[in-house]
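*Asks:* In case you want the letters, here they are:
Number of protein chains: 2
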Amino acid sequence: MKILIIEDEQGLLESILAYFTGEGNICEYATDFIQASEKIALYNYDCILLDLGLPGGEGLVLLDKIKKMKKRDGVLIISARHSLDDRLAGLDLGADDYLVKPFHLSELKARVSAIVRRKNFEGDNVIVFNEIRVDVSAMNVYVKEKQVFLTKKEFDLLVYFLSNKHKVVTKNAMAEHLWGDEMDLSDDFDFIYTHVKNLKKKLTEAGGQDYLRSVYGIGYKFGDL
Amino acid sequence: MKILIIEDEQGLLESILAYFTGEGNICEYATDFIQASEKIALYNYDCILLDLGLPGGEGLVLLDKIKKMKKRDGVLIISARHSLDDRLAGLDLGADDYLVKPFHLSELKARVSAIVRRKNFEGDNVIVFNEIRVDVSAMNVYVKEKQVFLTKKEFDLLVYFLSNKHKVVTKNAMAEHLWGDEMDLSDDFDFIYTHVKNLKKKLTEAGGQDYLRSVYGIGYKFGDL
DNA sequence: ATCAAGACTTCAGCTTTGCTTCAGAATTAA
DNA sequence: TTAATTCTGAAGCAAAGCTGAAGTCTTGAT
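Protein sequences, first through last, are from chains A and B. Under UniProt numbering, read the first sequence as residues 1 to 225, first letter to last. Under UniProt numbering, read the second sequence as residues 1 to 225, first letter to last.
Incorrect hints may have been included.
Identical copies look the same in the list; a pair holds intra-copy or inter-copy alike.
As the list claims (entries may be wrong) - Derived BS3-like pairs (lysine-lysine); straight-line CA-CA distance at most 27 Å:
#  : residue 1 : residue 2
1  : K197      : K39
2  : K200      : K39
3  : K2        : K152
4  : K146      : K165
5  : K171      : K101
6  : K197      : K165
7  : K146      : K109
8  : K153      : K65
9  : K68       : K144
10 : K167      : K109
11 : K109      : K201
12 : K65       : K197
13 : K200      : K167
14 : K197      : K2
15 : K200      : K221
16 : K221      : K101
17 : K171      : K109
18 : K152      : K67
Derived from the structure by calculation, the hints contain no laboratory data.
Build out the structure end to end from the sequences listed, making use of the hints.
*Replies:* Right under this line is the structure:
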């Protein structure tokens, strides 16, 4: 899962980062309006954590921007303000949920999961594709009722392919989804071939068909045929 | 056992908290309607202690909310009012029991235990998984009819694994269940490895299979295979 | 057919994470 | 208070996964 954290308060930012990366997610962050706008414009996130307390009340402006872009990203508002007005303004502008500071990280996690589940899987967190079944929240993968054990990268990759099935995905898009911007996109990341290969091997060895076809010069396409 | 205490009267809240945590339970609390709603929506508790005396008669509304959510949480109503009407209203709305202030903490405890026993185990407070048998209320664990003596942390851990069998559980989730929100989740708590190891050792030494597999970079999975 | 760019395979070393052990702190029991 | 048990924290070692590079094979264009 890919998360963007927009938070200017150093300490809080760091603990959120530590917590979510600890859960195995890809996290990015922005500490001011400009940074945040750029990231939002350039990338897609499963969920954006937005602190309304940015200087100059820029938080609501950002939210407005996100929504005007018609992106699918979920938005969770974080705010120190108890005023009902702010919260309502946020929800009016299309935020998916809000959370008042201070909060427990586990609470934050629960809400983020809820948002992502609502968005991506319409209440169902199991993806089925022919003989492949992926239970996203339990992190279980089955091929023909036989369990397959994947590493984190392999799992992320599979989920990404499954949620883009029958579409051509570029190597860059895959890299962005798996590593966020920790990685210099001008790099070659040839090693993505390694992960693809390992994933393929595990799936076919478990008796699955090979649904992955490479598209020369672009990337891959996962799906029937 | 995880308990939520909804009580706006500071002194009473503190003594209930002290008492139940002293008994070795994980306790959380809420002092107003908003806090309470949020906690209820996000987490599951073995029992919720609800003071009807919240300002604005919000207690009954909360109870209604809980029941409409179809959660399994037990609810014990606490109230200073002696009126039969309130009591009936509460039980009508699905509360499990009713206690009139003032009361002795030991009485409160007895009622909570009774509710939990009734709710969670439908008269049967034993979890069985293959050759492992756990009597939750008596804190007894048996492997193939042979009793195993666990410490409290080990016991909590086992119960947590058993109630999440076949799912991948993260280290964070385990920590939250074992320590509630007293612990800074951005910490490393490496010592959880120690508890895991000790639990494993005791179970296998008693002749149990090793059902626990670690999921690299995420946490553990307990179950068959 | 030839060539270059991209794709695939393999594998070693590097990093991260997990396991084990043990000692001291904290808690509980006697 | 003392003794025993349990919990926490740290250190060293083991394992898993990730990265990077080298060599080989494929593709599509010339």
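*Asks:* So, for every hint listed, does it hold in this structure?
*Replies:* Hint check results:
1. When the C-alpha separation of K197 and K39 is checked against a cutoff of 27 Å, the pair qualifies neither within a copy, at 30 Å, nor between copies, at 43 Å.
2. Neither within a single protomer nor between protomers do K200 and K39 lie at most 27 Å apart by alpha-carbon distance, with minima of 32 Å and 42 Å respectively.
3. Taking the shortest Cα distances, K2 and K152 sit within 27 Å of each other inside one copy (13 Å), while across copies they are farther apart (31 Å).
4. For the identical chains of this complex, K146 and K165 are neighbours both inside a copy (22 Å) and across copies (17 Å), given an alpha-carbon limit of 27 Å.
5. For the identical chains of this complex, K171 and K101 are inter-copy neighbours only, at 24 Å across copies versus 39 Å inside a copy, given an alpha-carbon limit of 27 Å.
6. For the homomeric pair K197 and K165, the shortest alpha-carbon distance inside one copy (18 Å) is at most 27 Å, but the shortest distance between copies (30 Å) is not.
7. Neither within a single protomer nor between protomers do K146 and K109 lie at most 27 Å apart by alpha-carbon distance, with minima of 30 Å and 40 Å respectively.
8. Taking the shortest Cα distances, K153 and K65 never come within 27 Å of each other, neither inside one copy (32 Å) nor across copies (41 Å).
9. Proximity of K68 and K144 under a CA criterion of 27 Å is satisfied in neither setting, with 41 Å inside one chain copy and 38 Å between copies.
10. Within a single copy, K167 and K109 get their C-alpha atoms only as close as 30 Å, which misses the 27 Å cut-off; across copies the closest is 17 Å, which meets it.
11. In this homomeric assembly, K109 and K201 never come within 27 Å of each other (Cα to Cα): the closest approach is 33 Å inside a single copy and 32 Å across copies.
12. In this homomeric assembly, K65 and K197 never come within 27 Å of each other (Cα to Cα): the closest approach is 39 Å inside a single copy and 50 Å across copies.
13. For the identical chains of this complex, K200 and K167 are neighbours both inside a copy (18 Å) and across copies (23 Å), given an alpha-carbon limit of 27 Å.
14. Taking the shortest alpha-carbon separations for K197 and K2, only the intra-copy value of 23 Å comes in at or below 27 Å, while the best inter-copy value is 32 Å.
15. Both within a single protomer and between protomers do K200 and K221 lie at most 27 Å apart by alpha-carbon distance, with minima of 13 Å and 23 Å respectively.
16. Proximity of K221 to K101 under the C-alpha cut-off of 27 Å is found in neither arrangement, the shortest distances being 43 Å within a copy and 33 Å between copies.
17. In this homomeric assembly, K171 and K109 come within 27 Å of each other (Cα to Cα) only across copies, at 13 Å, whereas the closest approach inside a single copy is 29 Å.
18. In the homo-oligomer, the alpha carbons of K152 and K67 never lie at most 27 Å apart, since the shortest distance is 31 Å inside one protomer and 38 Å across protomers.
Checked against the numbered hints above, the structure violates hints 1, 2, 7, 8, 9, 11, 12, 16, 18; every other hint is satisfied.
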